[in-house]
Each structure stands twice: as structure tokens, then as C-alpha cells.
Amino acid sequence: MTEKEKQLRLRQLKYVLIHAAVIIAAAVCVYPLLRIFSVSLRPGDKLFSTDLSLIPDGATFKAYASLLKDTMFLRWLWNSLLITLATSFIGVSLASTAAYAFSRFRFPGKKAGLILLLSSQMIPAGMLILPLFLMIMKLNLMNTYLGMIIAYSVSSLPFSIWILKGYYDTIPRSLEEAALVDGTSQVGAFWRIILPLSTPALSIAFLFNFTTAWNEYLVARVVLFSSQQYTWTLGLFELQGQYITQWGMFAAGSMLVTLPVLAVFLYSSKWLISGLTLGSVKG
Amino acid sequence: MEILRSIYEVTWFIVLIAAGVAALEGYFYYHFKYYDRPWYFPAALAAFPAAALVIASVFAGEYAFRLWFYFFAAEALIAAAFRYVVKGRHTVPYLLLAPAFVGLALLLVYPFVFEVYLSFHDLKLTTIMSWKNTGKLPFVGLDQYIKVFTTSPLSEVSFWALLGRTLVWTFSNVFFHVLGGFALALLLNNAIRFKGAYRTLLVIPWAMPQVVAVLAMRGEFHSQNGFVNIILTRLTEAFPFLVSLGIGPVQWLSDYPLLTCTIINVWLGIPFMMVVILGGLQSISSSYYDAADIDGASYFQKLRFITLPLIKPVLMPAVTLGTVWTFNNINVIYLVTGQAGGTEQADILVSALYKAAFTYNRYSYSAAFALVVFALLFFISVTYLHGFDAAKDER
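Heads up: the protein sequence lines correspond to chains D and B, in order. For the working numbering, add 30 to where a residue sits in the first sequence, where the first one is 1. For the working numbering, add 24 to where a residue sits in the second sequence, where the first one is 1.
It cannot be assumed that every hint is accurate.
A short list of chain D residues far from chain B (calculated; beta carbon distances all over 10 Å) [as the list claims (entries may be wrong)]: (1) Glu207; (2) Val211; (3) Ser256; (4) Val287.
A few chain B residues facing chain D, derived, Cβ under 10 Å [said to hold, decoys possible]: (5) Arg90; (6) Leu91; (7) Leu121; (8) Ser154; (9) Gly159; (10) Leu208; (11) Arg217; (12) Phe218; (13) Gln234; (14) Leu401.
In silico DSS-like pairs for lysine-lysine, Cα to Cα no more than 25 Å straight-line [as the list claims (entries may be wrong)]: (15) D:Lys168 with B:Lys160; (16) B:Lys160 with B:Lys219; (17) B:Lys171 with B:Lys160; (18) B:Lys111 with D:Lys140; (19) B:Lys148 with D:Lys141; (20) D:Lys44 with B:Lys111; (21) B:Lys57 with B:Lys219; (22) D:Lys44 with D:Lys34; (23) B:Lys156 with D:Lys168; (24) D:Lys34 with B:Lys326; (25) D:Lys36 with B:Lys326; (26) B:Lys148 with B:Lys160; (27) D:Lys140 with B:Lys326; (28) B:Lys148 with D:Lys168; (29) B:Lys219 with B:Lys326; (30) B:Lys336 with B:Lys326; (31) B:Lys148 with B:Lys171; (32) B:Lys326 with D:Lys44.
Calculated from the structure, these hints are not laboratory results. We put the CB at the ideal spot given by N, CA and C, even for glycine.
Using the sequences provided together with the hints, build the complete structure.
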């Protein structure tokens, strides 16, 4: 065997090893999801079999049917959707204007404001749940959409402002100056030039607000108490809590929630990640 | 019908917020434009909505009256500030900022101040109804803070035990996140086929909704029905010598809750680190490695002297973030152990804080607890971030 051949063999070996390692890691990452899928397909009498195959014997969609029919799963999804959409809408609109002020103007208190935004990220998320809960109780908004929207709406605001400011900074000022020369106002330039140009950043901010509120559990746990008003996170927790009876339905519900989220995440992950490093702060 | 009603409710709320923002903008605009009127003039004009509040206080009692008083005081302050400090300058940025900052003040700063207030008073299950009706609370001074260090937030575990557990939890998690993320990123950074597909599969734990991922993993750590124990059983059946090494199915949730939470959280957190580090690796120019190859550097020398220093600017913020996230991670621990009859052997500071407030209803106590935890985290972050000032390029 020549020296060259030896090197080639070595390289091939390395190639195979890398693939093997990555495939094992990928299996560890994906297996739990496949397992949820497999459990959701199990017929009712085999829920607790110790079978590890992906498609169980006698696979059936019964768990999905009974989830949609016997529980309020659709209602929970709807509640989550309403709360989340309203929250993201409010959050992004407030952030888009505030970020513009930080990006384009110089004014007293600018640095203080930016530091406030950054340091607000240091407050433990769990810490403000208690006062928010008490405020919501005092305002008689327990168990309502409004209470939830209030509790969620500013939680992602600092981060959104940070992302959008970073993006606005990359848009050249001369575009607005041209618009100003043509006779529009500063606000008009923002509305007609900057906002349309920032669609990618706005969608990242929207997506970020959306996923944060959509996956939120801890605030919902204390604000909502009737199953009519539950978000899907609470509903799934409930189903999973009754481990003995509802395991199949829990798995079915998990699949229904996860698939769209996965799709959106994978589709947008490139921007989302660049947004994360752009903002470089989130707590 | 239900659906229509819910849409109506939320739309109405958004319209209300929009109206509020418009009113706020108009109000500030007025102040900007006419800041040089006599001091009593804006105050007098603002008295009209205030008067409405006074009339409301006839019906709603003392509470509305207090609101009116605060409003009036705030208005006088604002008018003075506009007259002597702002003087009509910087109208546009302030108007743009106003809604976001009012929102942050009401829902971030005020709750924080309220938490401080709570921690010096005594709000618990027996006083909460009277607080709700009258707004008054007994003042107890530093009692709650003393209790934080002397009594248990839950039923047995003490503050110091929780602190130690939190530190162990944070460091072990971050360590394995970085280690796993770095290893995977290095593997993926080779020129291999199906790179995109692998990357997609590897980020799935991060992309899944966390509640689903944690709850599903919790089920999988169940002693009989979870796949972890099933696989362990089969392994010991296939290779009996493993039993003598002490490997076998265990009661994960009741015997090793903290280990279970750590495994779940490591599984959840590696993809984020991997993606961040991979981004950093890809931005390193290959000419460094070519130069090192010419000098005859070994793989580990290249790793140590080229990759690590060049990845540091990306790695440091990610590690800082990861530390703060892990320190604050209530989700994983609460979802795994939070059900009725759940153990407290896995609780860290923040999850104990959550449970003290909402399982044991000790509100003031947990407010004091929260402030102690905040001070701790603040101290850690400041030492950590020393010299890393993200706002330094701003003037």
C-alpha cells in the first residue's frame, strides 16, 4: 500500500466516523419526538406496552379523534392563538417606533434608556410573575384574555427593541434624507421608507414575541383557572398529569402543537439565529 | 358564538390600547408644543380627565380618589419637566419612545417597585382578601428577609441548600451545553454530506415547544413506561455484565429528580450552543489553518491556539446568556416536579420561589426571596460581564 493510499483510507475512516457520530447525536435529538408520534398512534389497550417500534401494531388515529372530540383541545389552541397574536401585535408595534427613536436620534436619556433595556433582561423572569399576578387580581382580570395579554405584552419588548434598533442602524440615512428633501415628515419617512424596508427584522421580532407567548406556561398557570380559558400549555400539562388515562391523548396533542411550530422554526431558523446574535442579549 | 365573543373581547382591548396610545401621544404633543404656557395652564387642562376620575371616586370610593391624586401630582411634575428641562426640543424621539416606555414603566418597573413594597409587608393567604378590598397591608420591616435565610421556602429544604443546588445545576448544565455544542459544531464544521439535514435534525430539541419537550421527556423517565428504562432493561438483558457495574433501570423521578432534570435540560440546551458556535466557527478564515498546517501544527494545537481564541467573542455572550437562562430556568424543574405530590429534591432557587408563591401562597415571603435571588444574580452577572459593555458604542 502506498503512502497516498494509506492517507486516503485514513480520510475515509475519519469521514465515516464523523458521519457515525453525527447520526448518533441526531438520533438522540430526534428519538423523543418520534416516540411521541409512536405513542400517539397506539391503540388504547397497548398504551403501556414496552414496545420500542416506531409504528406500533394496530396503529390508529383514535387518540387524535378522541382528543379533538372529548377534550377542549381546539378551544385551548384558539385561546393561545388569540392571546399570542394580540401580544405580538402590541409588542412589535411598540418596539418598532421605540427602536427607531434609539436608532436615528440623539436625545438626553438615550444611554440611560438603552441601559434600562439591557438591565431589564437581568431581572429573573420568574420574579415579576408575583406582582403581575397581584396586579391582575386587583384589576379583576383573573382568568381572562386581557389579563394574559397584559402580563405578556412587554415581556419581549426590550429584546424586540434591541433587534429592531440593530436592523435600523444598517439602513442608510440617506434614504430618509432623500424622502425629507422630497417633502415628507420624519414620521412619514419612518412609515413609508423604514418600516417597509425592515420587514425581515419585523418578522423576526414578531416571531420572537409569538413563540415566547405561545410556549409560555408559568404565568398562564397562575392567571387562568377554568379549563374553558386554558392555553394549550396548561391543557397538555393537565392531560399529562393524568398519566394513567390520557397518555395517548397527550401524545396526540403534543404532535399537533409541535409540527406547525417545528415547521415555522426550521423555515425561519436562519433569520432567527442571526437575530439572536444581532441582539446578543436575552434573559 | 363563543369564538365571536372572544374575538370581540380581544379586538376591543386592542382598540382600547390604540386609543390609549393616541391619547398619550396627543397629551405629550400638547406639552411639547405649548411648553411655554403658564405652568398652571397645562395642569388646568389635564384637570378635566382628572375631574372625571373624581366623579368616579364618588362611586368607587377612596381608591379612585387616590388615583386622581397621583395623576394630578404626575401631571404637575410632567408640566414642570417640559417647561424647564425639555423646552420643546427632541419632540419626535420622545413621542416615538413614549408608548413603549409607558408600557415598560407600568408592567416592568412598577411591578419591580411593587415587589420591593411587598417584601417589607405581610401579604399571605389570610391577608390577601383584605388587601384586595382596602389596599392596606401590615408593615413588618425586615422580617421577611430574615425568614428567607432562616426558614424553608418549601417544606424542608433550606435557602443555603437551594443555593448550593442552584450553583451545581447552573454549572453542570452550562458545562455540558458548551461541551456538547462545541463537539457537535466541530463535527458539523467538516466538509461532509447532508450537513444541512443533520443540522436540521440536531436543532429539533430547541425548536420543539419547551413545554411539550419537557413533558414528553418526563413521561419517558417514568419507571415502567418510559423508553429510558426500557432501553436500560434491554441492555442489561443483552449484556448481563452491565448489572455488576450498577447499570439498570432506576426510579428516575423519585430517586434522582435533579439528575433527571439536568439530563432533560442538557438535551434541550445543546442545540442552541451548537448553532451559535457553528456560526462562530464558520466565520473563522481558513487561511489561519493553512498557515498552521504549513508550520506543522497538530489538530489539538490548532484547536487550542486558533479556534478557541477566535471563537471567544461569540462564545462569551452565549455562555453568559446560557448561565443566566439556566439559573432562571423554572420551566424544566417545575414541569418535571411541579405536580401534586411532586418532590422538592430537584428545586433550585427560582423554582422554589415560584412554588413558595403559588403552591404555598406565601406572597410577601417570596417577594423578599425574589429580591435576594435578584441581588445574587445581579452580582454574578456584573462580575461576569465585567468589561463587556454592550452599550458602550452609544453616546
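Comparing the hints with the structure gives:
| no. | hint | result |
| --- | --- | --- |
| 1 | Glu207 | holds, 15 Å |
| 2 | Val211 | holds, 17 Å |
| 3 | Ser256 | holds, 13 Å |
| 4 | Val287 | violated, 6 Å |
| 5 | Arg90 | violated, 13 Å |
| 6 | Leu91 | violated, 12 Å |
| 7 | Leu121 | holds, 5 Å |
| 8 | Ser154 | violated, 13 Å |
| 9 | Gly159 | holds, 8 Å |
| 10 | Leu208 | holds, 6 Å |
| 11 | Arg217 | holds, 8 Å |
| 12 | Phe218 | holds, 8 Å |
| 13 | Gln234 | holds, 5 Å |
| 14 | Leu401 | holds, 6 Å |
| 15 | D:Lys168 with B:Lys160 | holds, 12 Å |
| 16 | B:Lys160 with B:Lys219 | violated, 62 Å |
| 17 | B:Lys171 with B:Lys160 | holds, 22 Å |
| 18 | B:Lys111 with D:Lys140 | holds, 17 Å |
| 19 | B:Lys148 with D:Lys141 | violated, 39 Å |
| 20 | D:Lys44 with B:Lys111 | violated, 70 Å |
| 21 | B:Lys57 with B:Lys219 | violated, 59 Å |
| 22 | D:Lys44 with D:Lys34 | holds, 15 Å |
| 23 | B:Lys156 with D:Lys168 | holds, 6 Å |
| 24 | D:Lys34 with B:Lys326 | holds, 24 Å |
| 25 | D:Lys36 with B:Lys326 | holds, 23 Å |
| 26 | B:Lys148 with B:Lys160 | holds, 13 Å |
| 27 | D:Lys140 with B:Lys326 | violated, 43 Å |
| 28 | B:Lys148 with D:Lys168 | holds, 15 Å |
| 29 | B:Lys219 with B:Lys326 | holds, 23 Å |
| 30 | B:Lys336 with B:Lys326 | holds, 15 Å |
| 31 | B:Lys148 with B:Lys171 | holds, 14 Å |
| 32 | B:Lys326 with D:Lys44 | holds, 18 Å |
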